[in-house]
Amino acid sequence: MGYDWDFATILQNWPVLWVGLKGTIVIFLVTVTLGLSGGLVVGMGRYSHLKLFRWPASTFVEVFRNTPVLVQIIWFYFAFPLLTGIEVDPFLAAVLGISLNTMAFSAEIYRAGIQSIERSQWEAGKAIGMTYAQTMRRIILPVAIKRVLPALTNRGIEVFKMSTLASVVAYVETLNQAKLIADLNFNPIESYTAVALIFFAVLYPVVQATYVLERMLRKSDM
Amino acid sequence: MIRLFRCGVCASMEWNFLAVLSDADMLLLGLLNTLKVTAVALAFGIPLGLLLALSRLSTLRPLSAVAAFIIEFFRTTPPLVQLFWFFFALPILIDVSMTPFIAAIVTFSIQSSAFFAEVFRGGILSIDKGQWEGAKAIGMNYRQSLQRVILPQAVKRMIPAFMERAIELLKTTTLVSTVAYTDLMYQANDLAQKTFRPLEVYTVVAVIYFLLIFVFSQLSIAVEHRLARSGESTVR
Amino acid sequence: MSEILKIENLHKQFGDLEVLKGIDLSIQTGETVVLLGSSGSGKSTLLRCVNFMETPSEGRIYLHGEMIGQQTAGGVRYRELELCKLRTRIGMVFQHFNLFPHMTVLQNVMEGQITVLGRTRVEAEDKSRAQLDRVGLLVKADEYPARLSGGQKQRVAIARALAMDPDVMLFDEVTSALDPELVGEVLKAMRQLAEEGMTMLVVTHELGFAYHVANRVLFLDQGRIVEQGEPRQVLKSPDSTRMREFLDGHSLFKLPD
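Chains as they are written, first to last, in our numbering: chain P, 3 to 224; chain L, 66 to 301; chain C, 43 to 299.
You may find that some hints are simply not true.
Result set (BS3-like, lysine-lysine): computed pairs, CA atoms no more than 27 Å apart in a straight line [stated by the list, open to error]:
{"no.": "1", "chain 1": "P", "residue 1": "K221", "chain 2": "C", "residue 2": "K182"}
{"no.": "2", "chain 1": "P", "residue 1": "K148", "chain 2": "C", "residue 2": "K182"}
{"no.": "3", "chain 1": "L", "residue 1": "K101", "chain 2": "L", "residue 2": "K259"}
Pair ranges (Cβ atoms, derived) [stated by the list, open to error]:
{"no.": "4", "chain 1": "L", "residue 1": "G187", "chain 2": "C", "residue 2": "E124", "range": "48 to 56 Å"}
{"no.": "5", "chain 1": "P", "residue 1": "K148", "chain 2": "L", "residue 2": "G187", "range": "20 to 28 Å"}
{"no.": "6", "chain 1": "C", "residue 1": "N257", "chain 2": "P", "residue 2": "V43", "range": "48 to 56 Å"}
{"no.": "7", "chain 1": "C", "residue 1": "S81", "chain 2": "P", "residue 2": "L31", "range": "29 to 37 Å"}
{"no.": "8", "chain 1": "L", "residue 1": "G204", "chain 2": "P", "residue 2": "P144", "range": "37 to 45 Å"}
{"no.": "9", "chain 1": "L", "residue 1": "V288", "chain 2": "C", "residue 2": "F56", "range": "29 to 37 Å"}
{"no.": "10", "chain 1": "P", "residue 1": "V214", "chain 2": "L", "residue 2": "V288", "range": "44 to 52 Å"}
{"no.": "11", "chain 1": "L", "residue 1": "V288", "chain 2": "C", "residue 2": "E124", "range": "45 to 53 Å"}
Among chain C residues calculated to face chain P with C-beta under 8 Å, some are [to be verified]:
{"no.": "12", "residue": "N93"}
{"no.": "13", "residue": "R121"}
{"no.": "14", "residue": "E122"}
{"no.": "15", "residue": "N140"}
{"no.": "16", "residue": "P143"}
These aren't lab readings, by the way, just hints derived from the structure by calculation.
From a predicted model like this one, the values you see are computed outputs, not experimental measurements.
Glycine included, each C-beta is placed from N, C-alpha and C at the ideal position.
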């Protein structure tokens with residue numbers, strides 16, 4: 003190929019990259035926590051028999067699943083402050099966009115899980131005097147969540163990848179820093195290859211773990 | 066529509082959609098480009114995905130391993146990183162002139178092919194082993210079995226997953242705005258800066274994306290129902 | 043003997059189909075009543091109305107003399123909270139056991155006591171072990187339901203219902219889904235319960251059980267009680283033709299004496 007790969011500059015700029023990595027991890031943890039827990043609430047709303055809960059939940063899910071995440075992030079960064087007068091920094095914009103998007107997707111995952119529980123389990127809970135809430139909490143959700151764990155893990159992986167979108171609104175994460183290094187040192191090849199390798203190194207084991215999880219679940223009796 | 070937003074907080078602010086409407090052709094161009102990128106990426110990505118899937122299923126260990134690596138690599142690395150790499154890094158590596166469009170096509174063809182490969186693989190594997198044996202027993206070779214017996218059955222099952230992936234691709238193309246390709250997202254940024262009305266511009270663009278994707282989603286659900294009624298199960 | 047359960051003019055409709063067409067029934071404390079009938083006769087529906095797994099379309103149900111629900115101008119209204127409390131006093135065992143797969147046998151039996159009755163863990167555990175012992179499954183306390191045989195699962199289900207200290211036990215074809223050789227252990231547990239004085243309402247196809255254990259046998263046909271009386275009378279010399287037809291169908295391939 004005739005190109006001299008030189009990762010030395012990358013290693014020299016490690017501190018710069020490290021700041022980015024921390025940014026990635028922070029935004030990942032925040033968005034995945036908000037997204038997956040908020041999604042449970044919305045998912046139960048989607049499943050509810052009461053229109054009062056179901057309609058807002060369904061609207062929320064449709065809106066945030068059918069618009070691209072980048073559009074959501076940029077909307078929150080530029081449009082939202084004008085609408086509400088609240089100041090939005092890059093972090094907040096990215097958190098809002100990615101979390102709400104994740105909530106919508108995970109809501110559907112949870113709903114599918116809840117719907118997969120046999121009706122007879124609801125009856126068994128009812129027969130010993132449990133209310134809807136007690137049955138949901140003690141009998142249905144534990145098994146439903148276990149069943150959708152692979153799908154939720156996949157969502158988590160997607161969220162981790164979405165963190166790079168925050169760089170578009172200049173949030174300091176890995177890709178943002180890589181661009182910085184590339185622009186200053188004129189070595190985009192090493193820079194972006196390094197980022198790709200970092201993500202691959204982090205996510206590949208997680209993906210493999212998901213396959214194992216799926217296999218374990220198929221073998222269990224739940 | 067303007068009256069809807071007369072809430073306490075935003076009463077002080079004026080909505081002005083005229084600015085957006087006057088430059089509607091800018092947005093239309095963006096929309097067409099978005100669809101163009103998606104369509105071209107699909108046109109390359111689907112056959113490439115089939116190729117990868119067949120390689121992955123191959124009994125030749127090295128081929129299978131390479132395909133597996135490509136699939137995993139392009140599924141676990143963020144699309145934006147891939148796009149930057151193809152746009153900034155590749156031209157230096159192999160000395161080609163790179164345009165945003167080419168970078169977009171290359172990135173999303175390969176990226177979507179990795180996901181399509183998994184859909185193909187799942188679909189093909191879901192066909193009963195007995196079908197391969199039946200084809201073999203009447204003297205078909207691998208290609209014939211695949212083409213005449215396996216794929217026709219598998220394709221019906223894979224359609225919902227395909228449509229889901231295609232819609233995902235449509236959403237992912239917004240990334241091309243970051244390398245200055247004039248898709249809908251890029252035009253939105255441009256227009257917002259020009260008119261100083263980010264709220265109206267971005268809201269309108271969000272609505273356009275929503276309508277576009279919502280319509281495609283509903284279409285895909287309708288197709289799924291049609292398939293379910295005709296007796297074909299939908300493999301997930 | 044006092045009256046524990048009274049069913050008055052019970053009707054149940056599913057859409058256009060009326061499954062129960064006016065059931066009147068009075069059950070005394072300690073009685074074991076067996077409900078027989080062909081499929082579609084409404085026997086399971088009747089059972090499920092007693093603990094309000096199905097809501098009656100018309101009619102009233104009384105437990106210990108108290109009417110369940112409130113009489114309003116538009117009919118009887120039932121509040122979900124009241125029904126939940128009712129279901130702690132009426133236990134039910136299902137055809138397909140419906141044990142909770144994510145809990146051990148012991149946890150299954152403890153669950154209702156802790157979550158619904160508010161008993162302490164210690165109380166609940168002691169009670170649960172006692173009930174499991176009563177059905178002969180104490181040794182399986184720490185196993186998960188998946189590892190039990192059908193007969194064992196059903197006995198755990200019985201223990202789970204008993205742990206709530208119900209006044210009445212409902213059995214909905216509890217042996218129909220079991221391999222024939224496992225049926226015996228479940229019927230044995232039910233007989234023991236009957237002898238200990240539990241009020242039981244049993245829907246079953248096991249005529250032998252009805253004959254030997256029931257105080258009273260009811261035959262339902264097309265949503266009505268067509269025949270009612272002592273087992274010996276109903277099963278050996280029934281009055282109605284429908285009952286005779288039913289019995290003939292059941293004894294088509296009997297072993298010769």
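Practice item. Enumerate the violated hints, using their earlier numbering and listing them in ascending order. Key: 7, 8, 10 and 13
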